[in-house]
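Student: Residues per chain are reported as follows:
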Amino acid sequence: MALPKVKEDALTARLAALPTQAGKGWLAAARAEALGRLAAMGLPARRDEYWRYTDPASLVAAEAPEAAPFSAGDETPIFDGIDRLKLVFVDGVFDPAQSDDLALAGIEIERLAEAGDKDIHWAQGTFGVLEARGQIPVQRPLAALATAHATDGVLIRVTGRAARPVALHYVHESATSDAILHHCVKVEAGAALTLLESGPGAARLTKVLEVEVADGAEFHHVRVQGRDHERRAATHIFARLGAKSEFRSFTLTANGRMTRNEAVIELTGDEGRAHVAGAAVGDGDFHHDDTVFITHAAEACESRQVFKKVLMNGATGVFQGKILVKAGAQKTDGYQISQSLLLHEDSQFLAKPELEIYADDVKCSHGSTSGAIDETALFYLQSRGVPRQAAQALLVLAFLAEAIEEIADETIAEDIRGRLEAWLARHSGRESA
Amino acid sequence: MLEINNLHVKLEDEDKVILKGVDLKIGAGEVHAIMGPNGSGKSTLSYVLSGRDGYEVTEGSATLDGQELLDMEPEERAAAGLFLAFQYPVEIPGVGNMTFLRTAVNAQRKARGEEELSAGDFLKLVREKAKALKIDAEMLKRPVNVGFSGGEKKRNEILQMAMLEPRMCILDETDSGLDVDAMKLVSDGVNALRDAGRSFLVITHYQRLLDHIKPDVVHIMAGGRIIKTGGPELALEVETNGYADILSEVG
Numbered sequence: 001m002a003l004p005k006v007k008e009d010a011l012t013a014r015l016a017a018l019p020t021q022a023g024k025g026w027l028a029a030a031r032a033e034a035l036g037r038l039a040a041m042g043l044p045a046r047r048d049e050y051w052r053y054t055d056p057a058s059l060v061a062a063e064a065p066e067a068a069p070f071s072a073g074d075e076t077p078i079f080d081g082i083d084r085l086k087l088v089f090v091d092g093v094f095d096p097a098q099s100d101d102l103a104l105a106g107i108e109i110e111r112l113a114e115a116g117d118k119d120i121h122w123a124q125g126t127f128g129v130l131e132a133r134g135q136i137p138v139q140r141p142l143a144a145l146a147t148a149h150a151t152d153g154v155l156i157r158v159t160g161r162a163a164r165p166v167a168l169h170y171v172h173e174s175a176t177s178d179a180i181l182h183h184c185v186k187v188e189a190g191a192a193l194t195l196l197e198s199g200p201g202a203a204r205l206t207k208v209l210e211v212e213v214a215d216g217a218e219f220h221h222v223r224v225q226g227r228d229h230e231r232r233a234a235t236h237i238f239a240r241l242g243a244k245s246e247f248r249s250f251t252l253t254a255n256g257r258m259t260r261n262e263a264v265i266e267l268t269g270d271e272g273r274a275h276v277a278g279a280a281v282g283d284g285d286f287h288h289d290d291t292v293f294i295t296h297a298a299e300a301c302e303s304r305q306v307f308k309k310v311l312m313n314g315a316t317g318v319f320q321g322k323i324l325v326k327a328g329a330q331k332t333d334g335y336q337i338s339q340s341l342l343l344h345e346d347s348q349f350l351a352k353p354e355l356e357i358y359a360d361d362v363k364c365s366h367g368s369t370s371g372a373i374d375e376t377a378l379f380y381l382q383s384r385g386v387p388r389q390a391a392q393a394l395l396v397l398a399f400l401a402e403a404i405e406e407i408a409d410e411t412i413a414e415d416i417r418g419r420l421e422a423w424l425a426r427h428s429g430r431e432s433a
Numbered sequence: 001m002l003e004i005n006n007l008h009v010k011l012e013d014e015d016k017v018i019l020k021g022v023d024l025k026i027g028a029g030e031v032h033a034i035m036g037p038n039g040s041g042k043s044t045l046s047y048v049l050s051g052r053d054g055y056e057v058t059e060g061s062a063t064l065d066g067q068e069l070l071d072m073e074p075e076e077r078a079a080a081g082l083f084l085a086f087q088y089p090v091e092i093p094g095v096g097n098m099t100f101l102r103t104a105v106n107a108q109r110k111a112r113g114e115e116e117l118s119a120g121d122f123l124k125l126v127r128e129k130a131k132a133l134k135i136d137a138e139m140l141k142r143p144v145n146v147g148f149s150g151g152e153k154k155r156n157e158i159l160q161m162a163m164l165e166p167r168m169c170i171l172d173e174t175d176s177g178l179d180v181d182a183m184k185l186v187s188d189g190v191n192a193l194r195d196a197g198r199s200f201l202v203i204t205h206y207q208r209l210l211d212h213i214k215p216d217v218v219h220i221m222a223g224g225r226i227i228k229t230g231g232p233e234l235a236l237e238v239e240t241n242g243y244a245d246i247l248s249e250v251g
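Chains as they are written, first to last, in our numbering: chain A, 1 to 433; chain B, 1 to 251.
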């Protein structure tokens, strides 16, 4: 079916602004296929069902809207205290000088461009493949764009328990940078990896992370998106889980004019477990969208979606979360909660929780709420001597607690609590406008 | 210690006047009880003293050791030594009881210019006080009042009081929802805190709490005023004859 003219023009303009990706072999083929998918879908537009609450205009525009880089001053960068393999990307380009030596990783890790030159590569079965699977039933054109046009990315394969986490740090330097990244991770049977991601990445970041978690494997992911106020990001996680595997992903978002984080997870082996969680705090010009799709295609799997947003001074939060239980996926245990705390009346939260169930022996629950801070609890704390601002921070952290508890590593969870507390302290003066 | 003069209070959002000139003076170390029928303004008095939103003071004053309470934020009143044991203690999901206690204790110490308690000292202190109130480690770990029984909530109020060591304690219907054993436990907790430098204002419907916490002075409140003041025998009189006699006697 031909695209409407307006969509075709938008796509042409977007692609014209991008550098051509030279290449041969399997990577070039994967990119060409992705481009074909993209050409058939067109870029997202406001009238598309899955973009009803989030205007994609700034994410699809040919040029990235300007965004000034943000300096956190002398604040300790997140994950700095953790023994990790650090890889740095500046405005979407890998920077070997700031990164650790890949050869010392103890796991297979390669840059996308280098791996693409090889005739045969393990990533052939994953790169673009999980993304393509994730296009049905909901189209995710920006993900196809990232497969077709990623300027950089890493391919990671783990065959044992990784001795230390891999940390991808994204630096934003140029006010007009338009970064497109595509990473691919394969955690082989029985293996385990923790992946950390931090930083804004660019003025505009379009990103895909594909994760294959084989039988009995574990993948833990913690991401902190960087506090640049004006940055924009459209990120996607596509994961496929084998039997008795575990996938956990947590994202902290503080600030950012426009963020769309999609997670598409497929439980394909019995007794797999997938947890996706997010905590977002925004003040003022902040739009944050979590769009999640979890498919139960095997028996006795567990999934959890825990998303909490604190919205101040007109900030907007969106949650679109789906649990699809396929026929035969008996004993499914699905849980989904999305909540917002609106600290001002002009903030808003738009939620679309969906359950679609074709098996008859399943347990699925979902809930979505939005509300103001509990004045009675606030008074109770104050009456015990806790100053109003501190009391409010305590209640906000309590509200976020369920999402933060999804982080497996307690040291990281504690660090994130501390950063949220500091963020709240900085923004509390703007309370009750 | 606490001195209330001609206190008039109305609801902020409506024209409903609740307190119509309350006068009350509680000396150091004294225990006063306020009894009265439903709707007489007892709980409003406790809320206004502790600084809850929604009330408007139209006239009068309330001072703690000469300091005007009504000008202060709720947390400042707490730091000045005022404590209200809630009739309905508030549940706070996501905030551990221990975190709550420690935050409160240290916030008050900070406000008074004292050094914060170390984690070790705090733990030692809280365990000791909790033991006397039969509050186990599990209850300290759980979120504040969440899933607590009525008795547990009231014991938790007394634990907070014991930890914060206020000089002026207001107990708002602390006996409501308590069985005989819990009432004894709570009363013992309160009695253990009685000393020459600490005063209590006990608000209750029934005389039975006053069997356990013996008051020095009993006030009867009705229609937003204190209409009669006497010794402990006044509470017994109410228990036997109800409020009707007193109300008609005062007119």
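Mixed in with the good hints there might be a few duds.
[Unchecked claim] Rough simulated footprint, nothing fancy, chain B against chain A, three-plus residues with beta-carbon under 8 Å: (1) 48-58; (2) 375-382.
[What the hints assert, rightly or not] Listed below are the simulated SDA-like cross-link pairs for lysine to any residue, each with C-alpha atoms no more than 20 Å apart in a straight line: (3) B:141 x A:405; (4) B:110 x A:390; (5) B:110 x A:387; (6) B:141 x A:417; (7) B:141 x A:425; (8) B:110 x A:425; (9) B:184 x B:141; (10) B:141 x A:397; (11) B:153 x A:378.
These are calculated hints, taken from the structure and not from any lab test. Here a beta-carbon is modelled for each residue, glycine too, at the ideal position from N, C-alpha and C.
Student: All the hints need checking, so say for each whether the structure fits it.
Tutor: Hint by hint, here is what the structure shows:
1. 48-58: violated (count 0)
2. 375-382: With 7 residues close enough to chain B, the hint holds.
3. B:141 x A:405: holds, 16 Å
4. B:110 x A:390: OK: residue 110 (chain B) and residue 390 (chain A) at ~13 Å, within 20 Å.
5. B:110 x A:387: holds, 11 Å
6. B:141 x A:417: holds, 18 Å
7. B:141 x A:425: violated, 26 Å
8. B:110 x A:425: Holds, because 18 Å separates the two Cα atoms, which is no more than 20 Å.
9. B:184 x B:141: Judged against 20 Å, a Cα distance of about 24 Å means the pair is violated.
10. B:141 x A:397: Distance of about 17 Å is within 20 Å: holds.
11. B:153 x A:378: holds, 17 Å
In this structure, the earlier hints numbered 1, 7 and 9 are contradicted, and the remaining ones agree with it.
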